[in-house]
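S.K.: Based on these hints, arrange chain B with the ligand on the given structure of chain A.
So the protein sequences, as listed, match chains A and B.
Residue numbering for the first sequence follows our numbering, beginning at 1 and increasing consecutively.
Residue numbering for the second sequence follows our numbering, beginning at 1 and increasing consecutively.
Each hint should be verified, as a subset may be incorrect.
To spell it out: a stretch of chain A is covered by chain B in this simulated footprint if at least three of its residues, at any positions, have a beta carbon under 8 Å from a beta carbon of chain B; those stretches are [what the hints assert, rightly or not]:
1) 9-16
2) 282-289
Beta-carbon label-pair distances, calculated as ranges [stated by the list, open to error]:
3) B:Ser216 to A:Phe278: 44 to 54 Å
4) A:Gly339 to B:Gly29: 25 to 35 Å
5) A:Asp293 to B:Ala225: 26 to 36 Å
6) A:Glu376 to B:Pro243: 58 to 68 Å
If you're looking for bench data, these hints aren't it; they were derived computationally from the structure.
All C-beta atoms, glycine included, are put in the ideal place defined by N, C-alpha and C.
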Amino acid sequence: MNLELPEDCQALKRSLREFCEKHVKPKAREWDRTEAFPLETVRELGRMGVLGVRVPEEYGGAGMGALALAVATEEIARYDGSLALTVASHNGLGTSHLRIFGNDAQKKKYLPKLATGEWLGAWGLTEPGSGSDAAGMKTTAVKRGDKWVLNGSKMFITQGTVGDVFVVLAVTDAAAKQKGITAFVLEKGWPGFTQRAIHGKMGMRSSDTAELHFENVEVPDSHRVGEAGQGFIDTLKILDGGRITIGALAVGLGRGALEEAVRYAKDRTAFGHPIAEFQALRWMMSDMKTELDAAQLLVWRAATLADAGQRFSVEASMAKLVSSEVATRACNKAVQIHGGYGYTREFPVERYLRDAKLCEIGEGTSEVQRTIIAREKLKGV
Amino acid sequence: MLFPMKILVTAKRVEDPESKIKVKPDGTGIVPEGLKYKINPFDEIAVEEALRLVAKHKGETVVVSIGGKEVHEQLRHAMAMGVDRAVWVNHTGPLDQMAIAGLLKKVCEKEKPDMAILGKQSIDDDQNQVGQYMAEWLGWGQATFASKHESLDSDAEKSKTPALVVGADGKTVKVVREVDGGLGTVECTLPAVVTTDLRLNQPRYAPLPGIMKAKSKPIEELTPAGLGVDVAPKLTVLKMSAPAPRKAGIKVPDVATLMQKLKTEAKVI
Ligand SMILES: Cc1cc2nc3c(=O)[nH]c(=O)nc-3n(C[C@H](O)[C@H](O)[C@H](O)COP(=O)(O)OP(=O)(O)OC[C@H]3O[C@@H](n4cnc5c(N)ncnc54)[C@H](O)[C@@H]3O)c2cc1C
Numbered sequence: 001m002n003l004e005l006p007e008d009c010q011a012l013k014r015s016l017r018e019f020c021e022k023h024v025k026p027k028a029r030e031w032d033r034t035e036a037f038p039l040e041t042v043r044e045l046g047r048m049g050v051l052g053v054r055v056p057e058e059y060g061g062a063g064m065g066a067l068a069l070a071v072a073t074e075e076i077a078r079y080d081g082s083l084a085l086t087v088a089s090h091n092g093l094g095t096s097h098l099r100i101f102g103n104d105a106q107k108k109k110y111l112p113k114l115a116t117g118e119w120l121g122a123w124g125l126t127e128p129g130s131g132s133d134a135a136g137m138k139t140t141a142v143k144r145g146d147k148w149v150l151n152g153s154k155m156f157i158t159q160g161t162v163g164d165v166f167v168v169l170a171v172t173d174a175a176a177k178q179k180g181i182t183a184f185v186l187e188k189g190w191p192g193f194t195q196r197a198i199h200g201k202m203g204m205r206s207s208d209t210a211e212l213h214f215e216n217v218e219v220p221d222s223h224r225v226g227e228a229g230q231g232f233i234d235t236l237k238i239l240d241g242g243r244i245t246i247g248a249l250a251v252g253l254g255r256g257a258l259e260e261a262v263r264y265a266k267d268r269t270a271f272g273h274p275i276a277e278f279q280a281l282r283w284m285m286s287d288m289k290t291e292l293d294a295a296q297l298l299v300w301r302a303a304t305l306a307d308a309g310q311r312f313s314v315e316a317s318m319a320k321l322v323s324s325e326v327a328t329r330a331c332n333k334a335v336q337i338h339g340g341y342g343y344t345r346e347f348p349v350e351r352y353l354r355d356a357k358l359c360e361i362g363e364g365t366s367e368v369q370r371t372i373i374a375r376e377k378l379k380g381v
Numbered sequence: 001m002l003f004p005m006k007i008l009v010t011a012k013r014v015e016d017p018e019s020k021i022k023v024k025p026d027g028t029g030i031v032p033e034g035l036k037y038k039i040n041p042f043d044e045i046a047v048e049e050a051l052r053l054v055a056k057h058k059g060e061t062v063v064v065s066i067g068g069k070e071v072h073e074q075l076r077h078a079m080a081m082g083v084d085r086a087v088w089v090n091h092t093g094p095l096d097q098m099a100i101a102g103l104l105k106k107v108c109e110k111e112k113p114d115m116a117i118l119g120k121q122s123i124d125d126d127q128n129q130v131g132q133y134m135a136e137w138l139g140w141g142q143a144t145f146a147s148k149h150e151s152l153d154s155d156a157e158k159s160k161t162p163a164l165v166v167g168a169d170g171k172t173v174k175v176v177r178e179v180d181g182g183l184g185t186v187e188c189t190l191p192a193v194v195t196t197d198l199r200l201n202q203p204r205y206a207p208l209p210g211i212m213k214a215k216s217k218p219i220e221e222l223t224p225a226g227l228g229v230d231v232a233p234k235l236t237v238l239k240m241s242a243p244a245p246r247k248a249g250i251k252v253p254d255v256a257t258l259m260q261k262l263k264t265e266a267k268v269i
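Isolated chain A (complex conformation) (with noise of 0.2 Å):
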């Protein structure tokens, strides 16, 4: 068992972490405060490849795997969990999606132009009505000749309004339930197609949320996505590789929060000592530092599952479920570390536990998330 990173993540992390303490650490907090989504560094991210990290090469992406996805995620986390979840559901979601399932016209008109940055991916799967349901969908696709017609809403939609290409899962079929939904690629500025954006998000503020709707959008069979009713099987497949990415997202995050901690408690003096002295404060360090690394060993073994071609379902549950848990745990202690000032906007450290937070929710809460580990584990319970 080799428990090193391979060299071309090595060389991504360099990379990115150089790249983002010159270009995303001294701007991340003003981001958050004005809900600004970054788009220049975006697209540098973009001219970096790290906007089609999985891609393959004749797409001109990097032809990368999951595990580089969640190191790359992992590093920009660090600094900004917004800009990581840009890069992760970009990445993990809506380009996934149209490069395992798309044909090979979708892919060759989609792909280039995402794993450049050219074009931003989004994925529409969550309604206003349903989440955690999510095969309990609305939005309809009703089939007219060689063309089908979309109407309804998505709800939370990551790069909602910045996005250019939406993959988006609609039901052909109610009465066969969970085979009968089917995802399509829409465009933006296709008629009947809006986007509308939602303000005021806890954390996660400089990336794009929108909501998405459906007036009569005609939509040609040719931007089908994969056979008529797989939609969700396929979806749920995108799904368990998104978890491995959110997962790194929120190792990220905690490990932002724990440096910023030590470096705060080695500099703050209280009773005349250093704060870091005070055993109380280095036990939580220490449970931070233990947490996130065993976060982070799920993390990877998914995505080294993932990369072997092996299951790797419930593992991407675990990962998620532990690096979520852990990453909130981790930086709400490094605001009572830093005291009143880290309940400021002065550190980053508020930022890091608004950010982490929706790591709990999104892509499947916790309480999904355990209920799939408890399905496989507790088989016929």
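M.R.: Relative to the frame of chain A, chain B with the ligand by itself:
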């Protein structure tokens, strides 16, 4: 018409200045544990300049590093940035500047580049000698401390325009260089050795597809013996010691006191 250029660059492995560097208690060197390494930042600037020149003129870039197997990391880094192939001079143990220049000279004789671009110095020993020795021994043109007129925020920099300007006949290179109190310009015949200063360019971040491509780019292995270079050091390090810790500063109550102290105590104004 632009003549294709073949450019050789160097990639020394140096301690990452962000890791904590401690001198061993017995003064025989620095503590290797926990150290991180990276490509010498001046060499990274050299790589960037070479890539820009070749993007403009076409041609080929070759990167050289001297050291044990671990320098492959720096060679791969340069290739991830875009360099075409690498030459690895396999050697472990101490090397002084003359030995390094001697090895690079031989590699240049073998590769016959139009230009060798090196960092002006490496941030570990800060010697600033290798480029100069090399140019002298090769009998090539020499331009040290290459810089540029434009700022690093300029449009020329953003559009990755090379700062080094090769003559229309492909026989000369014009180099803006940092000199005391400003910038000077020299023109020298090719082949030439150019060493880079800090404000020549802003190196690109290794792009992810580049990192993948670098894995299959070739690294040719050479040895000092094979190159016929005697690398026995003429220079030996007797002892290393950490610089004396900085004394704590003082706080002055007001500007007047500060001015007075600068005049009478520090004697700087
Ligand atoms: C910032 C952000 C970005 C997002 N990006 C996207 C995106 O790009 N694409 C997309 O499709 N979606 C996206 N989502 C949606 C996200 O995936 C959902 O919010 C999430 O799956 C939860 O669904 P819900 O909000 O409807 O909550 P609900 O499903 O209503 O859950 C409410 C509560 O009930 C619990 N619960 C529900 N069912 C059960 C059960 N069976 N057993 C136990 N507890 C249960 C949940 O765990 C939760 O605590 C995003 C959300 C946010 C906040």
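S.K.: Now, for every hint given, state plainly whether the structure supports it.
M.R.: Verification of the supplied hints:
Proximity of the region 9-16 of chain A to chain B, defined as three or more residues with a beta carbon under 8 Å from a beta carbon of that chain, is established by the 5 residues found. Interface restraint, the region 282-289 of chain A with chain B: violated (0 residues with C-beta to C-beta distance below 8 Å; minimum three). Separation of B:Ser216 from A:Phe278 is about 52 Å and conforms to the stated range, judged on CB atoms against 44 to 54 Å. For A:Gly339 and B:Gly29, the Cβ-Cβ distance of about 42 Å falls outside the hinted range of 25 to 35 Å, so the restraint is violated.
Distance hint check for A:Asp293 and B:Ala225: the Cβ-Cβ separation is about 45 Å, which falls outside the suggested range of 26 to 36 Å. Between A:Glu376 and B:Pro243 the Cβ separation comes to about 59 Å, which falls inside the hinted range of 58 to 68 Å.
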